[in-house]
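**Q** For reference, the chains in residue letters:
Number of protein chains: 2
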Amino acid sequence: MGRAGFRIGGSETSVYGRREMATSGDRQQVEQWDVFEVVQEVQAEGNPFTDIEFGARFLYKHRAVPVDGFYDGDGVFRVRFMPDVPGRWRYETWSDCAELDGVAGEFVCTEAPEGNHGPVRVADGFHFRYADGTPYYQVGTTCYAWAHQGDELEEQTLETLSEAPFNKLRMCVFPKRYRYSRNEPEHYPFEGNREEGWDFTRFNPAFWRHFETRVSQLRDLGIEADLILFHPYDGGHWGFDRMPAEADDRYLRYAVARLAAYRNVWWSMANEWDFMGEKEDGDWDRYFRIVREEDPYQHLRGIHNGRRWYDHGKPWVTHCSVQAGTDDVGKWRRQYGKPVVVDETLYEGTISEPWGNITAEEMVRRFWVGLTHGGYVGHGETYLHPDDILWWSKGGVLHGESPERIAFMRRIMEGGPERGFDPVPWWRSWKAHAVGKGDDYILLYWGVRQPGEMTLELPARYRADVIDTWEMTITPVEGVLEGEVTVPLPGRPYIALRLRKEQ
Amino acid sequence: MGRAGFRIGGSETSVYGRREMATSGDRQQVEQWDVFEVVQEVQAEGNPFTDIEFGARFLYKHRAVPVDGFYDGDGVFRVRFMPDVPGRWRYETWSDCAELDGVAGEFVCTEAPEGNHGPVRVADGFHFRYADGTPYYQVGTTCYAWAHQGDELEEQTLETLSEAPFNKLRMCVFPKRYRYSRNEPEHYPFEGNREEGWDFTRFNPAFWRHFETRVSQLRDLGIEADLILFHPYDGGHWGFDRMPAEADDRYLRYAVARLAAYRNVWWSMANEWDFMGEKEDGDWDRYFRIVREEDPYQHLRGIHNGRRWYDHGKPWVTHCSVQAGTDDVGKWRRQYGKPVVVDETLYEGTISEPWGNITAEEMVRRFWVGLTHGGYVGHGETYLHPDDILWWSKGGVLHGESPERIAFMRRIMEGGPERGFDPVPWWRSWKAHAVGKGDDYILLYWGVRQPGEMTLELPARYRADVIDTWEMTITPVEGVLEGEVTVPLPGRPYIALRLRKEQ
Chain Y
20 MGRAGFRIGG SETSVYGRRE MATSGDRQQV EQWDVFEVVQ EVQAEGNPFT DIEFGARFLY
80 KHRAVPVDGF YDGDGVFRVR FMPDVPGRWR YETWSDCAEL DGVAGEFVCT EAPEGNHGPV
140 RVADGFHFRY ADGTPYYQVG TTCYAWAHQG DELEEQTLET LSEAPFNKLR MCVFPKRYRY
200 SRNEPEHYPF EGNREEGWDF TRFNPAFWRH FETRVSQLRD LGIEADLILF HPYDGGHWGF
260 DRMPAEADDR YLRYAVARLA AYRNVWWSMA NEWDFMGEKE DGDWDRYFRI VREEDPYQHL
320 RGIHNGRRWY DHGKPWVTHC SVQAGTDDVG KWRRQYGKPV VVDETLYEGT ISEPWGNITA
380 EEMVRRFWVG LTHGGYVGHG ETYLHPDDIL WWSKGGVLHG ESPERIAFMR RIMEGGPERG
440 FDPVPWWRSW KAHAVGKGDD YILLYWGVRQ PGEMTLELPA RYRADVIDTW EMTITPVEGV
500 LEGEVTVPLP GRPYIALRLR KEQ
Chain L
20 MGRAGFRIGG SETSVYGRRE MATSGDRQQV EQWDVFEVVQ EVQAEGNPFT DIEFGARFLY
80 KHRAVPVDGF YDGDGVFRVR FMPDVPGRWR YETWSDCAEL DGVAGEFVCT EAPEGNHGPV
140 RVADGFHFRY ADGTPYYQVG TTCYAWAHQG DELEEQTLET LSEAPFNKLR MCVFPKRYRY
200 SRNEPEHYPF EGNREEGWDF TRFNPAFWRH FETRVSQLRD LGIEADLILF HPYDGGHWGF
260 DRMPAEADDR YLRYAVARLA AYRNVWWSMA NEWDFMGEKE DGDWDRYFRI VREEDPYQHL
320 RGIHNGRRWY DHGKPWVTHC SVQAGTDDVG KWRRQYGKPV VVDETLYEGT ISEPWGNITA
380 EEMVRRFWVG LTHGGYVGHG ETYLHPDDIL WWSKGGVLHG ESPERIAFMR RIMEGGPERG
440 FDPVPWWRSW KAHAVGKGDD YILLYWGVRQ PGEMTLELPA RYRADVIDTW EMTITPVEGV
500 LEGEVTVPLP GRPYIALRLR KEQ
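In order, the protein sequences belong to chains Y and L. Here the working numbering is used: the first residue of the first sequence is 20, the next is one more, and so on. Here the working numbering is used: the first residue of the second sequence is 20, the next is one more, and so on.
FYI, nobody ran anything at the bench for these hints, they're computed from the structure. You can take every hint at face value.
Facing chain L, according to a computed beta carbon distance under 10 Å, are these residues of chain Y, among others:
no., residue
1, 370
2, 375
3, 465
4, 469
5, 505
6, 508
7, 510
Keep in mind that this is a model prediction, so the values were computed, not measured. Here a beta-carbon is modelled for each residue, glycine too, at the ideal position from N, C-alpha and C.
Looking at chain Y on its own, in the form it has when it is part of the complex (with noise of 0.2 Å):
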């Protein structure tokens, strides 16, 4: 029988540093949501991915949660689990491999501390909130290949990432090759070499525990890591995005394995899916399967577009990720009846691609439209850089105008009605956007359209401020209003008015 062990709080260690637990006699602590490990080894021959499994089942009082471990090199097998109740909580491995089978322990899952709220859900429909039920106001970004450029670009980005609004960011798991991307990673998930070909039946726990601790870093930053598990951005360089069906399923299977145990993981199938000319229809719906099988804790699943839309009523998508502009939320929600988060709108920048050369000012009306239609928004970045370090591919630095304003929007959100901004019938609608909660708060938006004043009938007694979205002014209308009523506006282009109620 190989040396037992298990690992907690992948919050707190770092895999480059990485302390080994006592034995499974030690009654050992992990906090609500946190990674708790269970670490064995064994002396392995032949390929310990493929040859041996291994895997947990975690209980708590009448529960049972079976969750598969990996191989992560040097004969050492781990399963991670993350515990959602607090309490007592005892595991039993099983694998094929006698030395591996039936090691028994348990650990004791402590409150979840101020600031971790759990893994996020879908809620009341349209929304989403974390497990502990505070709502979480999505505002996205992306830096797709961010965690594939070295330690120090790396560490500039969560810098970066630290000091700005957004609370998930999109990223590959595979690295990416594309113009303004054109360096090789450090490390490749699996064994072998572009020139000589790769042993997919064997990963490379070197690129792995690098991934998993930038998702370690985003998580405590309090930003979900939305991964995105294939791209075509590749074109076979690599040929990860062609590789054969079991080698895609494996490859989930240890992607699952390996990260689910982190509370701020998503699950993107892919980025522009449709864009994969690889690949049959078919194949989204086995990877959409597998991950779901495989993922003891059921994180949000998505899949991104790129012409061609994936048909998002399907039961195993728990929310619309779209590329697309903002304005057509509102028929999407009723279309698919799910949160719809537009991922990718176009990109803040000055690069010659059409789609990534918008000022910040339209950057910032995307967003303002999209929750004013009950979604919600991601923000990308494409300044051209003399070193080709944009922050849409690689991160670093922010250059744009639009961030700040995002963060005043959020603020906004996050003083809002408590579960989201849905769409609210509105007596002149077709005047602005409006969103809110009923009557109790309405939020209106104007875009680029600029009024000097706008005439509104009135349901009951409200309080007004107009908000300058882009100056970032939030300005109290005198009196309060009520009946049919004449507010004065700017007259400028990115106005919106919120009304809260009298009570």
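Starting from the known structure of chain Y, fit chain L onto it as the hints suggest.
**A** Just chain L, lined up with the frame of chain Y:
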């Protein structure tokens, strides 16, 4: 027999200070495309508007042009004629009133002097030229009711137009009643009044003399008058939007008889024709037929939509007069095979109506998008005003920032391909709107996008200019461009690039 006479040169004589010409024995001169008028007086009884037919045949060599006359009150009948060929012309009146019948005379038509190019015609499929072959690049604006505001404001409007970039004005024949436009006009087109009713069989000459003076003053400023014959902004207040069919038809014949000899006239059957709920679809075909039959000069004919489009493919429609955004101009060119004029594409201003509060930037952008799809665009302005004097309705002065940019664009048009701008095949046209003339001249426009560079594949050697359509600057790109070349761009919105082939 009554006293016969004629009048010439509508451009020099005010209808208020009319000179009656000497008898037909004098050999009179009129310049090409100007107004020659035969005047007959008679002791009229009954209702001369309906009881007496009057007209004349104008004869040039083998040609005979029959032209209907009209009764102008006080026993005066007139027939107006716009000769299109220099030389000796003869005429002979006809009438079912013996005293008005068979009056003959002649005049000499002189070559048009500089500045008089004749009426505007469709040319080269999608463009316009004056009758003398000079290109006409339509740059429109709208002052629906400017000619019903009294002399002071009307003269201010003319003063404004004399400095403005516009060479076409859309204006209503009938007075307009709508928000911001509640005042009664000084004159009405018919005898009678609102309270006791109108006599649709008797026109009010004072109204028409005033109106045609304004038309002639526009002509003298080089501005085409796009006369809107019907409109819904009456709502039954006067009832000119719901006259009996015979009154409609009589009105059209009278309007054409009075106005067609003014070379700057265009006929617009209606503004927002589909919002005129009292009319049948078939009525519009009939109106077109009447105007087409009555107008000896075949001035341009269009009809302007609200939501529903009239079929601009019908043969009597000379050009598409559109209310819409300008992005689809290329599609309508292909669909109808006619010039596309987006006469109304929202208005620069601050009123609460969503069609009346775009920014100057957006107005200018729409002009450039229309241009770079091979079409023509119209301006309008609706800034809130303490006395409700909004340019779009009443004229007055311009408050906005778009006109000087439109003037700048007009200069670019005038320096472009003589026949106008047509879509050009472009190797990477997905990155820009592209028009020009074959390979010789290419104009690219990026609208709100702000690329910092653009890689082009050029089929020849070109000189290039970066045009900032908002800042109104033209900056030559250094050197001669050839082959695949990356052109630096400012990374700001509203940039165009002009490429002219090196000879």
